[in-house]
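Read off the chains here:
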Amino acid sequence: MLLLLLFAGYLYLDSRAITPNTIRWVTQTEEDSFGYDVFRGPTEQGPFTRITPLPIASAGSTDIPQRYHFVDQGIEADTVYWYYVESISLTGRRERVTPVYASKPKSISWF
Amino acid sequence: MAAWLLLPVASAVAQTAFNIAIPDDGFYRLNFDDLEYAGSAIPSNELALSEQGSSIGFELIDGGDGMFGPGDYLVFAGRRLAGENSWYNQYSRHNVYRLSLDGTGAALRPPEPLAGQGLVVRHMEQDKLRVALSDAGWPALMERWFWQRISYLDGEQFALELDLEGDPERIRISVAGLSRDRHASKAGLPQHQLKVLLDGQLREEVQWDGQEAITVEATLPNPAANSRATLSLQLPRRVLPNTDQAIVDAVLLNWIELDYPEDADLPTIPAREGGRRLVVSEGHRKPAWIRPMTKKGELGGTDLQADYLFIAHPALIDTVKPLAELHRQAGLRVEIVDVHRVYDAFSHGVASPYAIQSFLAHAVTHWQAPAPRFVLLVGDASWQPDSPRNLVPTFQVMGHKEIAASDNGLVTPINGGWRPELAVGRLPAGDAAELKPMIDKLLAYQQADPEGDWQRRSLWMADVDPGFQRISNRLSARAARAGLVRERVYPEDATEDQNAHQARIQQAFSKGALLAHFLGHGGRYVWRTGPVDLQGASDLFDIDDIAQLPAGVELPLVLSMTCSSGPFDHPQVGSLAESFLGAPRRGAIGVLAASWRVPASQAFSRLLVDALLDPQLRVGEAILKAKQQEKNRVLVESYNYLGDPALSLPLPDAAQ
Chain A
1 MLLLLLFAGY LYLDSRAITP NTIRWVTQTE EDSFGYDVFR GPTEQGPFTR
51 ITPLPIASAG STDIPQRYHF VDQGIEADTV YWYYVESISL TGRRERVTPV
101 YASKPKSISW F
Chain B
112 MAAWLLLPVA SAVAQTAFNI AIPDDGFYRL NFDDLEYAGS AIPSNELALS
162 EQGSSIGFEL IDGGDGMFGP GDYLVFAGRR LAGENSWYNQ YSRHNVYRLS
212 LDGTGAALRP PEPLAGQGLV VRHMEQDKLR VALSDAGWPA LMERWFWQRI
262 SYLDGEQFAL ELDLEGDPER IRISVAGLSR DRHASKAGLP QHQLKVLLDG
312 QLREEVQWDG QEAITVEATL PNPAANSRAT LSLQLPRRVL PNTDQAIVDA
362 VLLNWIELDY PEDADLPTIP AREGGRRLVV SEGHRKPAWI RPMTKKGELG
412 GTDLQADYLF IAHPALIDTV KPLAELHRQA GLRVEIVDVH RVYDAFSHGV
462 ASPYAIQSFL AHAVTHWQAP APRFVLLVGD ASWQPDSPRN LVPTFQVMGH
512 KEIAASDNGL VTPINGGWRP ELAVGRLPAG DAAELKPMID KLLAYQQADP
562 EGDWQRRSLW MADVDPGFQR ISNRLSARAA RAGLVRERVY PEDATEDQNA
612 HQARIQQAFS KGALLAHFLG HGGRYVWRTG PVDLQGASDL FDIDDIAQLP
662 AGVELPLVLS MTCSSGPFDH PQVGSLAESF LGAPRRGAIG VLAASWRVPA
712 SQAFSRLLVD ALLDPQLRVG EAILKAKQQE KNRVLVESYN YLGDPALSLP
762 LPDAAQ
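If you're matching them up, the sequences are chains A and B in order.
Going letter by letter, the first sequence gives residues 1 to 111 in our numbering.
Going letter by letter, the second sequence gives residues 112 to 767 in our numbering.
Isolated chain A (complex conformation) (with noise of 0.2 angstroms):
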């Protein structure tokens, strides 16, 4: 059955700030969701490794857009990563939902 379901996870990265990167999520709606991981990687091809010492805790199901994000505090100095986030479903059931993206290199700040 297909289901006129939306399920969107509009990622983007916060560069904003000097450090840390902040990746950032939206859902226009969910389903039996449990959390999210973020997984972070050197290149667009991996490997990836889960940076979340925890999953991001879920609204469940929901209609209503949710807006969600991690702060990646072990980057270092004019690097690229790769990021992407996963689903976890109430049934243990994990899918990647965003595409990856790279963050832009951060340079260190002298005082």
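Have a look at the derived ranges for each label pair, beta carbon to beta carbon:
(1) B:318 x A:95: 23 to 29 angstroms
(2) A:104 x B:326: 52 to 58 angstroms
(3) B:578 x A:49: 34 to 40 angstroms
(4) B:311 x A:44: 44 to 50 angstroms
(5) A:26 x B:374: 57 to 63 angstroms
(6) A:44 x B:649: 21 to 27 angstroms
(7) B:578 x A:67: 26 to 32 angstroms
(8) A:44 x B:554: 54 to 60 angstroms
Keep in mind the hints are simulated off the structure, nothing from the lab.
These figures come from a predicted structure and were not determined experimentally.
Beta carbons are placed, not taken as given, at the ideal position from N, Cα and C, and that holds for glycine.
Starting from the known structure of chain A, arrange chain B on it as the hints suggest.
Frame of chain A, contents of chain B only:
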């Protein structure tokens, strides 16, 4: 001086009757001075109190003069309105007791024994979270409100300071599984593991699977060492064997009960179900509200006749009158009915969609012929029963794994099934200011000269998905054969400029149209009309785009054939469908939209389009015909019509 009275319910409730709403179990005090009663004191033996038509005893404090007047009051043991299988009722937070001032045949006796045998129980429950346990069987499925979701993701999980005065012997906790991690089952591990702690000490630990509800019991130290203790509920983080992945474990807390010795010195009332007594708060509570009962009308009689029933919240009646007058001038007999009169006549004053259903069943079967054909619900609804937006309630049905608002059940009056029998529409306004633009649009539309190119135009929208476009092509061809010009507004391919495509949609609406049909993915605020844009979200037509549409009277009837674009029952937020209908002088003249997830269905759209192009049918009748032929119950119940069901589309001559 106190007098004990048990009075029979008056056979005919006079105008001097009051509805008294109470939210919970307890003792309630009703002061004479709180009644909106213009008369003088009433003979005490003419008072009668009832609940759902049954006499209720009460304690009367009338100063010993045998007259109920200023300064006097009565006290009664009130009980909450329970649900079918839940502590509280999902449709009303208030039970309603009725005080009649002209009762006869009083007999002195106490209201009911307040002491006696039976377990003494303190029930604690807060309905904060609405969840459908779609994998649970009945009756767990009928419990839809919970206190809190508990998982290892949720910080401190659950903690509550318990009052142990009275030395409770046992605690019982009702929880239901929410998650059902299949990986845990495959590894031979329980899907849920819950720990119950009191002041940090483990009291009980339980394991279970699925979405079943269980009751956890633990004994308490008796007598209690302290008058207060902290109850904690925790789900430990457990890892699947040979992985670094945690088991998905989430449960829902429903209620907590403390059991006391039978001789506990606590205020109690007998539980409705018998066999136990419920601890209630000390002293007398005030009713939530007191409202004079509406004048006894003829709704429950057989003399009335109407073609079209407006069921309206009283705050909206004046605003909707011009629409009623328009239909009267066109030959329909229209009756505007205050929804409170419906409650008073068909559910003993309790606000409930069942009262509307019963009223319509009565009108169809017992009023003078011809029976009503159209029903307009004037006012918004809310799944939160005490929301100020819950003006004319709707049903909450199980849609695709979740609960969906459905007006369909209100108009299934005779056969009791799920197929509608009357044409129904709703104007989901929260107040007169929201209703006025809807009425203005409906009046302008039906009074304007329909001649023009717009009445030949039909819009067909879909995203880049070839499947959606194929279905839209077939449907639009049917419209073309009926004499309509079809304008298909699809993105040409994945490279089309999003802004240009959104502008094409705006232009298509700006020219006016008889009908607009969208098929594709969507949500509460959006249609996906363009190629997927996960970074910029420029692929979405949303409520801001509706505000940008040009003003005019040549407004389309919108068929929003997508998920969740018309859930009109949220207490705080709106939806795409409500924005289309509520936008002043723009948007849509009516919207058919789903209140939850729905499958794509070419067949349902075809039934709708064919019926809407039948010049013999008004919009509500066309939707009714399509729903009566549709086989998928989820579609029939999830799609609701926001608009005037007696609206006639000004079809061009070729279509007539």
